[in-house]
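Chemist: One-letter residues, chain by chain:
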Amino acid sequence: MSKTWLETNTFHHSEFADINKLVKLKEKKKVKISICFPTLNEEKTIAKEIIIMRSELILKYPLIDEILVIDSGSTDNTVQIARDYGADVYVSNEILPDLKNQFKGKGENLWKALYVAKGDIIVYIDADIKNIHHRFVYGLLGPLLTTNHIKYSKAFYDRPISSEGGSLRPSGGGRVTELVIRPLFSLLFPELTQIIQPLSGEYAAYREILDQITFPIGYGVETSMLMDIYEKWGLNTIAQVDLDKRVHRNQDTLALGRMSFGILQTFLSRMQKTGFIEINRKMYSKMLQYHAMDKVYKPKIYTIKEQERPPMVKISDYQAKFPNRVKAKS
Amino acid sequence: MQYSGNMLGKYIENIKAIKEIILTNIVMIGQTPCLSKDHLEKDNNRRVSVFLERLCDVNADECTTDETGNPYAIIKGKNSKKKPVMLVAHMDTVHGNETESDYIITNNQIIGPGLLDNSLGVGVLMSLPSVLQTLNLSFESDIVLVGLKESLRESNLKSIRDVLSFWKQPVKAGICVEGGELGRLSYFSKSMIRAEIRCTMPQVVGLKDKGGFNAIIVMNEVINEILKLRLPQRPRTNIVFGKFNSGYKYGEAPLTSTLGLEIQSEKYSVAEELYLKMEEICGNVSHKNNTKIRIRKTNNIRAAHLSYYHPLVVSAVQVLDALNIKPSFESSESELSVFLANEVPAITIGIANGKNYHEDNEIVYIDSIFKGIIQLIGIIAEIDRGEWNE
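In order, the protein sequence lines correspond to chains A and B.
Its first residue numbered 3, the first sequence is counted upward by one per residue in our numbering.
Its first residue numbered 3, the second sequence is counted upward by one per residue in our numbering.
Hints in this document: simulated from the structure, not taken from any laboratory.
Computed from a predicted model, the values in this text were never measured in an experiment.
Ideal placement from N, C-alpha and C gives every residue a C-beta, glycine not left out.
One or more of the hints may lead you astray.
To be verified - Computed Cβ-Cβ distance ranges for the label pairs, DEER-style:
1. B:Ser51 - A:Glu29: 43 to 53 Å
2. A:Leu190 - B:Asp59: 37 to 47 Å
3. B:Thr67 - A:Ser16: 20 to 30 Å
Said to hold, decoys possible - List of simulated lysine-lysine pairs, PhoX-like, C-alpha gap at most 20 Å:
4. A:Lys120 - A:Lys30
5. A:Lys62 - B:Lys21
6. B:Lys170 - B:Lys85
7. A:Lys34 - A:Lys302
8. B:Lys170 - B:Lys84
9. B:Lys18 - A:Lys62
Same shape as in the complex, but just chain A:
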């Protein structure tokens, strides 16, 4: 286990608060940066997220080149509000319409963002953050711009080691992280347990990394992204950044159960694909949850099938739009 990764590749957003410096580094590296908000019915938070990013990272400091909203088909005013505040809004189904299948899910939106975004670096930010602050973006960009080896940076939200006076407090993984992901990583990929919040929804990466990995369309996208990047480029390509506090919608245990089901599908199929394990029977894609009604327990069946998108670089429309990416890969 790499003993120093946690020390060398863990940052705090305040280390990158000099945004002017980041702008200069961006210019020096000659890269463009896109923010992508995947949305589904986020009318209460999306305006605030766009406004703050535009104010701080476009109008005041020219760090960001574009703000994208990739929507999964909101039925509220998300799309209109996002357009009114100047974001480039795309409905997911309308991107690459000639694909054989169209899916609905966060992973699908993140994957399709690669096709519409102009940036060399893409920053993915969840659209339901109530206490949104531009540190979420410049914090994640910091390691990518200030180093040459880090290509992917991931958020976490609690100070992991100690507070003032040296007292220890638990690190801030959520329930799914602590009950599902960390035990799995501990069993099979102990190095990855150093990532404090593997499921956090905020991360930034160079296009050259993102377009070479597969994207599960649903819950498994964060796990799979980490595993693939670790597998292909090693842990040293990854950084994690403490973004302090994040306030968002809380999910109930049953919803987290379904999330775990999707993540486990992704994890096991990864294991099988890489020859790590062999599963000699069919895996089901239906999850049963039980609800008590009077004195009867009623099952509710959820179909959760973690489909995967291939690396974007293999898509012909993408190759046509970004010919230099194909060239670079070959």
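Please build the complex by placing chain B on the supplied structure of chain A, with the hints as guidance.
Modeler: Just chain B, lined up with the frame of chain A:
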């Protein structure tokens, strides 16, 4: 600054081009927890930090705090011999909560607690350097932007008193910036005494009387007696019952009750006289019911005013007229009274239209903010241009 229709339209369009900066300032200050006295002692002054960080970030001059911790920044003028114009906005809110608020922004509204009173006012102050830069405007006088930590409730306008007592230079004029309501123009303060009346039932071990000892009923007697007081028509005088707090359960008589009221009068001695009568009432009702009733002053302000024909008021009215904003003249028993008591000509204005004042879902209409900002800048420009009080 020109007030022709074309120019005003252009100004508003230019300000709209940086609306994200203005909205971000409003959200960032408004979502940060308010200050409380306890917090101050524990060095919890997050709103002060946000105020200073945001102004330093746009290169305002001299971003710092005064001796008592009120943050301020200066937009330097071209003529150092001119007296400065001081803009103040109180940073505390009636919500007084310590938790972070969550503001919602829609196409044309901002929604959240404490917006109109007064994160909108503070946010606009914090945006002023960016706005002036966008409009390519500068002034002869320094413009001092002050965030006031403690104004409301028992703070009794402590911050503005501190600021003016520590500020060594003479000030040409003061503008108190409030979130709402656009068109508000206050240039006079009535005398005001705020009082809290607390009724406490005798504490007997095991006492649980379901009818006899009831602090609400006793306080009701106090209210009825106060209502019997004769109020003079001149000088205009009024008593407002503003707050009441009592009780635990539907079926249990409360042992305490607290009433908050405000005596307003054009003459301080009349307010004082009424307060003394209230002391008597409290004493009488207390003896009659064998309860403890205490009255205490929490705030007091003496009446002060500018003339309607003072150049500051005249120019403010002209600016509002030019912007097609109907002025609403009302008294303001707030920072304005302290400015006037210190012989600094001052007014209070509102920035935007809104509704649900002091509720958790206060609403500000975004489009009205831009006109409100133009109004503020127009008034500053008129003060800067005027030769009075120099």
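Chemist: Each hint: holds or not?
Modeler: Evaluation of the provided hints:
no.: 1; hint: B:Ser51 - A:Glu29: 43 to 53 Å; result: violated, 30 Å
no.: 2; hint: A:Leu190 - B:Asp59: 37 to 47 Å; result: holds, 46 Å
no.: 3; hint: B:Thr67 - A:Ser16: 20 to 30 Å; result: holds, 21 Å
no.: 4; hint: A:Lys120 - A:Lys30; result: holds, 18 Å
no.: 5; hint: A:Lys62 - B:Lys21; result: holds, 12 Å
no.: 6; hint: B:Lys170 - B:Lys85; result: holds, 11 Å
no.: 7; hint: A:Lys34 - A:Lys302; result: violated, 46 Å
no.: 8; hint: B:Lys170 - B:Lys84; result: holds, 14 Å
no.: 9; hint: B:Lys18 - A:Lys62; result: holds, 15 Å
The structure is inconsistent with the numbered hints 1 and 7, although it conforms to all the rest.
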